[in-house]
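Colleague: Each chain, written out:
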Amino acid sequence: MPVVKVLTEGIGEVNLRDIGEYRKRGGYEQWQRVATTMSPADVIDLVSKSGLRGRGGAGFPTGRKWQFLPNNGRPRYMVCNCDEAEPGTFKDHLLLEETPHQVIEGMLIGSYAIGSNHAFIYIRGEFKRGFDIFSAAIEEARAAGMLGDNVFGGEFSIELTPHRGAGAYICGEETALLNSLEGKRGEPRLKPPFPAIKGLYGEPTVVNNVETLAFLPHIVKNGPEWFAKVGPEKSPGYKIVSVSGHVKKAGNYEVPLGTTLRELLEIAGGARDGRTIVAIQPGGGSSACLFEEDLDLSYDFDTMAAHKTMLGSGAVVFFDDTTDFVKAAHALVRFFAHESCGQCTPCREGGHWLELTLERLLHGGGLDSDIDLLVSVSHQMTGLNLCPLGDSIEPFLASVVKRFEPQFRRYVKHAEPATV
Amino acid sequence: MSVSSTNGKAPNVTFTLNGATVVARGDETILQAADRHGVEIPRLCYKDGYRPDGNCRVCMVEIEGERVLAPSCCRLPAEGMKVASTSARAKSSQTLVAELLLGDMPGQGASPYKRDSELDRWAAWLGVTAPRFPQRSQPAPDMSHPAMSVNLDACIQCGRCVRACREEQVNDVIGFAGRGDHSKIVFDLDDPMGASTCVACGECVQACPTGALMPANNVGLVEPDKKVDSACPYCGVGCLLTYNVKDNKILYVEGRNGPSNHSRLCVKGRFGFDYVHNPQRLTKPLIRRDGVPKSVALIDPDDVDKYFREATWDEALDLAAGKLRAIRDDDGPQALAGFGSAKGSNEEAYLVQKLVRTGFKTNNVDHCTRLCHASSVAALLEDVGSGAVSNQVSDVAFADVAIVIGSNPTINHPVAATFMKNAAKAGTKIILMDPRRSDLARHATYFLQFNGDTDVALLNGLMHVIVAEGLANEAFIRERTENYAALKEMVADYSPEKVAPITGIPADIIREVARLYATANAAIIFWGMGISQHVHGTDNARCLISLALLTGQIGRPGTGLHPLRGQNNVQGASDMGLIPMMYADYKRVDSEDARHKFEALWDMPLDSKPGLTVTEIMTAAHDGVIRGLYIMGENPAMSDPNVHHAREAMVKLEHVVVQEIFFTETASYADVILPATAFPEKTGTFTNTDRRVQLGRQAIDPPGDARQDWWIVQEIARRIGLDWNYSGPADVFEEIRKATPSMAGITWERLEREGSCTYPLEHEGDPGEPTIFIEAFPRKGGRGLFMPAKYTHADEMPDAEYPFIFTTGRQLEHWHTGSMTRRASVLDALEPDPVISVHPDDLTRLGLAPGDPLTLESRRGKITGYARADRGMQRGTFFMPFVYNEAAANLLTNDAVDPFGKIPEFKFCAVRASVGDWVGAAI
Ligand SMILES: Cc1cc2nc3c(=O)[nH]c(=O)nc-3n(C[C@H](O)[C@H](O)[C@H](O)COP(=O)(O)O)c2cc1C
Ligand code: SF4
Ligand code: SF4
Ligand code: SF4
Ligand code: FES
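From first to last, the protein sequence lines stand for chains A and B. With our numbering, letter number 50 in the first sequence gets 99, and the count goes up by one each step, no holes. With our numbering, letter number 654 in the second sequence gets 687, and the count goes up by one each step, no holes.
Chain A with its partners taken away, still in its complex shape (with noise of 0.2 angstroms):
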């Protein structure tokens, strides 16, 4: 299965981040065509048949989301999350920092379909080059008559405004980042109300991943169905896969939905020499393992729930057999832990508790029931978390602990990894 060049065309040829190259390939076009030709329900329209969902981690089809808006006459507002965090994921930085051009035409596609005057940027507070990057290019943007008031002569005017996050992964969840976007803690909203119905400053908000923003002159350029007719029917379309762990070409690889695990791992160069890969980690942190037997799955939204795992954010680790899923879980679970925002007691108290557990175990002093405790603590709580984040450590930990069981009995007696 060929890598295909949409989002990442050019990118390492050419200097996209100059608005003239970027313009020379077409660049802008789209958005002109858009705010000059289309009414924002074409657009939707053209979106929604695209079967575009959400690149971000739920996989919410596009479309539909931008339909929840209220019609209440009250501003709304665009919201693009590059707040990318996720262990693994590596693919929106590419975007903000090499094509900065192609993330804001998509952030002005988007705004106009859902009539944003103002759109926002969520940059991760470590994305400090690609903050300046980006910023520049807005500048070169709003010269170029790109944005700002009745661009291209009409009557749509927007704003665009970077924002750096201050290092918190929960900002990456949406209703965290438009708390800290108001210049508030970054702890998740109560959900309902959405931030369709109440977001940014209380008012109808759209808050979409980079890459899924990104396709959105693709779409517009080449029609809906090109993008539809790609890979299996209700998870269409291209994504950009970070493929890292024990491969031997780690990157990001643009390939079309239905690749398989296996020639995903090809793509990345294979396993390590001699080593055999037994667990697939397919969805970011928050994803429950696949295992060898599951190499030939197809890599798509459908699929990868239909076996209780997800594909996320597209981020897929690959682990071989010299793993310490011990130490893996710990090191997975310390991250959540470290990264709950603290204001619900499931999440942070229990987050907290697994990862002591743990190091228990790695320490020695672990007790036969501890394996127990993992399973039922990070099943009980999960499902009653005030966001997703306290969700996240079951189905890694319990996939693993369920799989590689031994691995955990034998900390308990000898403190030592164990390899399977």
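It cannot be assumed that every hint is accurate.
As the list claims (entries may be wrong) - No more than 30 angstroms apart at the CA atoms, straight line, and that leaves these computed lysine-lysine pairs for BS3-like:
#	chain 1	residue 1	chain 2	residue 2
1	B	Lys115	A	Lys247
2	B	Lys217	A	Lys233
3	B	Lys124	A	Lys240
4	A	Lys54	A	Lys270
5	B	Lys458	A	Lys233
6	B	Lys317	B	Lys259
7	A	Lys357	B	Lys115
8	A	Lys247	B	Lys458
9	B	Lys462	A	Lys233
10	A	Lys357	A	Lys98
11	A	Lys73	A	Lys278
12	B	Lys394	B	Lys356
13	B	Lys458	A	Lys240
14	B	Lys124	A	Lys357
15	B	Lys462	A	Lys247
16	B	Lys217	A	Lys247
17	B	Lys259	B	Lys279
18	A	Lys98	A	Lys240
19	B	Lys217	A	Lys240
20	A	Lys376	B	Lys217
21	B	Lys115	A	Lys240
To be verified - Some but not every residue of chain B turned toward chain A, in silico, with C-beta under 7 angstroms:
#	residue
22	Cys89
23	Val101
24	Val130
25	Asp214
26	Ser216
Keep in mind the hints are simulated off the structure, nothing from the lab. Here a beta-carbon is modelled for each residue, glycine too, at the ideal position from N, C-alpha and C.
Starting from the structure of chain A, add chain B with the ligands where the hints point.
Modeller: Here is chain B with the ligands on its own, set in the frame of chain A:
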């Protein structure tokens, strides 16, 4: 802020809860509906009346068809929804939460800080005992605050304190910091509580479910013998509260859900109660020793023995009453006067004025209303026919615009201020006008820091704009007012350009504010003593009334005029006729009809001549005209302007009877001292600033031989020839209903049942009228009167010799002359010393650093206090609370009075300043 369980509008919703059909009212959450149907669901971060936050997750329920569980405290049921709070999954989740939280408590067990920790209760309910997790390290206690202890090892991060501090009281002190298991509540920037900007309202303590925040000294671990529902003894807001009592001692106080406070209190109400147990309480009647003459110097309460001897009640009463009677009979009734108190109940106020009118046979009776809002009341009676507020404080929520002028509500009416701040957060535009920038400025849309003494100019300027720009409400003026032409003519002279240099407020701002007020759908005016305590106080108030009449911003919810009353019963004391020119219900003593009514009620002839006011009585005493004075619960030796003069006057009196709970400064001049009861020791009704008559109930017994005030008044009355036979407060209240038609419908039984009734309430069963003047003003003809006012100056302007302005007021932690609050341990610890607020630039100019002694001197006296830097002060002005007897602000103030209200000019006099040497000790 609060989540009301029903708003009357949303339709009912039928759903099933654990298989049973349940109907939720309006916008009730699942939890609230469950509560009403007797289905218990655990909850921790939820607190009735607060915004539900949904963070603790102990109230989770399973909803059919939903992947994840839902917090029942936040979730609204939908028609036909199937909800389970007791399913295996719901229970397992609730149990896990309780287990995790219990595992994080000290010793993984019951809260060591609170008897009735909500966590303990629900953990037991869920059957959680031993958590399965290791104990983790715990934060250290913070004991830096005198009133509250912080033990975050018992904190469950429920955020109730955060909502308490930020959303209810809007003090913005507590926040969350850190993430994950590091997340914790912090005061300001993680400061110790005692060093933070905390104003000690105690709302957080009241909100905390586990005792992590508690009143200091572990009182939460003691089981009270009884809880007594009562009211707060301090300010006119009229908060309701509950006394927790053990062994005749108040352990702690909790806010109660009263109509004027929604369970909120301020530092005084919550933590300022132990004055009642102070060892300096008077417990025996005292009689001045023979041969110990009076002098102007104050007597140290610990030295009382040198000047007074103990006596029996009979001896003391016989002497007190006998001498009063002798003076009346020898020198005539006009040689006697009586002061009642706005701290006393309505019943006590009524009895005191009746004693003076029928026993002393004079109208020389007054109280401290003379010193606070007499001018406001004079203007209101004159122009709109009623001296009380037109709308209640809570109306600010319905106002688009609220003018707050000459008032520092976060200090003086702290709980009323919380409602203003709540409204501001919800969109009400606050226009704060004050020479001193107070905390409310942070919440205001406009803050006009006008030059002191220029109120009339500023207000006339606003009215000029309203008239000139055609924003006056012509229909209202035509149908409901009179004398408009005169007002129009007067304000024509006050263009914004002319007023700007006088007031220091730019002309454009005057225009903007005038437009904002005039064009609001509903706009209300609150004012305080910054308006009233001037020689032009009545004129100031007249301007505010005119502003409301001119724009028709009166007679509807969210509009009107609200002079924020000072004392807890200053409204009631005036209503009771504890003033020299009027009987109860503001019936003039020089009106034939009124006099006949009261002569009939009291069955004796009455004096038709209005009596003397507080300040006039002092002058008459000085001049030897008044010879005998009965003082019940007032402290003129601290509270009167030019107080040295007042003290001299009292020295000259032949006979002074002081009925008090402490040996006050005034007691230094007494001949007989009668030990009385403090607020928590008595039962009676008190009328707050909102015209709410509320019941204070006795919680503890008075100390020693101290007696009920009503009893003492009655005993004096009997001894000067009156045939009184009241059996107690309820009996007196029955007579009040006859004397006061506007309260005639309030029954004692209803007060006992409801705790609070708003008057006018003329007929039993009426609901009471929160908004008045809806159709007419209670004046002859029913119209409101425009009384134009001309801009004039204070009596004493700064000059070369006395170049600074001196202004006085109160401070949050203390009450008036400090007789109670300086004897309340927490309040005294928070503000122990006399402070003078000064702009930092003036401090530099005087060569002083904050905390240095500063001496101020006026033409009347000289005091030294500690300088406190305050950027809210205008340069050239000093502010001082009149609490401290070692530096009594009233030694400096001017006793010039407003010609109508007879209120002294506490807010403005001229002083000079110098580096002080030392500050004396409190006496
Ligand atoms: C803990 C957490 C972290 C998340 N981080 C990100 C992120 O970094 N970037 C992102 O696009 N979405 C992230 N999401 C998902 C967003 O909440 C949201 O669903 C997404 O931005 C929607 O965009 P889409 O519809 O285009 O996918 C996160 C969700 C959770 C629960
Ligand atoms: S689940 Fe965790 S991250 Fe999400 S709101 Fe709760 S504490 Fe915060
Ligand atoms: S006592 Fe009042 S001001 Fe102080 S922290 Fe608590 S709620 Fe805030
Ligand atoms: S201190 Fe008390 S109220 Fe505040 S978060 Fe902790 S447990 Fe809750
Ligand atoms: S009580 Fe509902 S989440 Fe805490």
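Colleague: The structure should be examined with respect to each hint, and the outcome stated for every one.
Modeller: Comparing the hints with the structure gives:
1. The hinted pair formed by Lys115 (chain B) and Lys247 (chain A) meets the criterion: a straight-line CA distance of about 26 angstroms does not exceed 30 angstroms.
2. With a CA separation close to 16 angstroms, the supplied pair Lys217 (chain B) and Lys233 (chain A) stays within the 30 angstroms bound.
3. Pair hint Lys124 (chain B) plus Lys240 (chain A) holds up; C-alpha atoms about 22 angstroms apart against a cutoff of 30 angstroms.
4. Taking the CA atoms of Lys54 (chain A) and Lys270 (chain A), the gap is about 15 angstroms. The hint holds against a cut of 30 angstroms.
5. Between the alpha carbons of Lys458 (chain B) and Lys233 (chain A) the distance comes to roughly 16 angstroms, so the proposed pair stays at or under 30 angstroms and holds.
6. For the suggested pair Lys317 (chain B) and Lys259 (chain B), the alpha carbons sit about 27 angstroms apart, so the restraint of at most 30 angstroms is met.
7. Straight-line distance between C-alpha atoms of Lys357 (chain A) and Lys115 (chain B) comes to about 26 angstroms, which keeps the hinted pair within the 30 angstroms bound.
8. Note on Lys247 (chain A) and Lys458 (chain B): the hinted pairing holds, with a Cα-Cα distance of about 18 angstroms set against a maximum of 30 angstroms.
9. Note on Lys462 (chain B) and Lys233 (chain A): the hinted pairing holds, with a Cα-Cα distance of about 23 angstroms set against a maximum of 30 angstroms.
10. Restraint check: the Cα-Cα separation between Lys357 (chain A) and Lys98 (chain A) comes to about 27 angstroms, which is no more than 30 angstroms; the hinted pair holds.
11. As the CA atoms of Lys73 (chain A) and Lys278 (chain A) are separated by approximately 28 angstroms, the hinted pair is consistent with the 30 angstroms bound.
12. For the proposed pair Lys394 (chain B) and Lys356 (chain B), the alpha carbon gap of about 15 angstroms is at most 30 angstroms, so the pair holds.
13. Distance restraint check for Lys458 (chain B) and Lys240 (chain A): the Cα-Cα separation of roughly 22 angstroms lies within the 30 angstroms cut-off, and the hinted pair is therefore satisfied.
14. At roughly 25 angstroms between alpha-carbon atoms, Lys124 (chain B) and Lys357 (chain A) fall within 30 angstroms of each other, so this suggested pair holds.
15. For a cut-off of 30 angstroms, the pair hint linking Lys462 (chain B) to Lys247 (chain A) stands: about 23 angstroms separates their Cα positions.
16. About 28 angstroms separates the Cα atoms of Lys217 (chain B) and Lys247 (chain A), which keeps this hinted pair within 30 angstroms; it holds.
17. For a cut-off of 30 angstroms, the pair hint linking Lys259 (chain B) to Lys279 (chain B) stands: about 7 angstroms separates their Cα positions.
18. Between Lys98 (chain A) and Lys240 (chain A), the direct Cα distance comes to roughly 28 angstroms. Compliance with the 30 angstroms bound is thereby established for this hinted pair.
19. Taking the CA atoms of Lys217 (chain B) and Lys240 (chain A), the gap is near 23 angstroms; set against the 30 angstroms cutoff, the hint holds.
20. For the hint linking Lys376 (chain A) to Lys217 (chain B), the alpha-carbon distance of about 29 angstroms falls within 30 angstroms, and the restraint holds.
21. As the CA atoms of Lys115 (chain B) and Lys240 (chain A) are separated by approximately 19 angstroms, the hinted pair is consistent with the 30 angstroms bound.
22. Annotation: interface hint on Cys89 (chain B) holds; nearest CB of chain A at approximately 5 angstroms, less than 7 angstroms.
23. The closest approach between the C-beta of Val101 (chain B) and any C-beta of chain A is roughly 4 angstroms, which is under the 7 angstroms cut-off, so the hint is satisfied.
24. At a threshold of 7 angstroms, the smallest CB-CB gap from Val130 (chain B) to chain A is about 5 angstroms, leaving the interface hint in force.
25. A distance limit of 7 angstroms between C-beta atoms decides the matter here; for Asp214 (chain B) the minimum to chain A is near 4 angstroms, and the interface restraint holds.
26. Using the Cβ-Cβ criterion of 7 angstroms, the hint placing Ser216 (chain B) at the interface with chain A is satisfied: the shortest such distance is roughly 3 angstroms.
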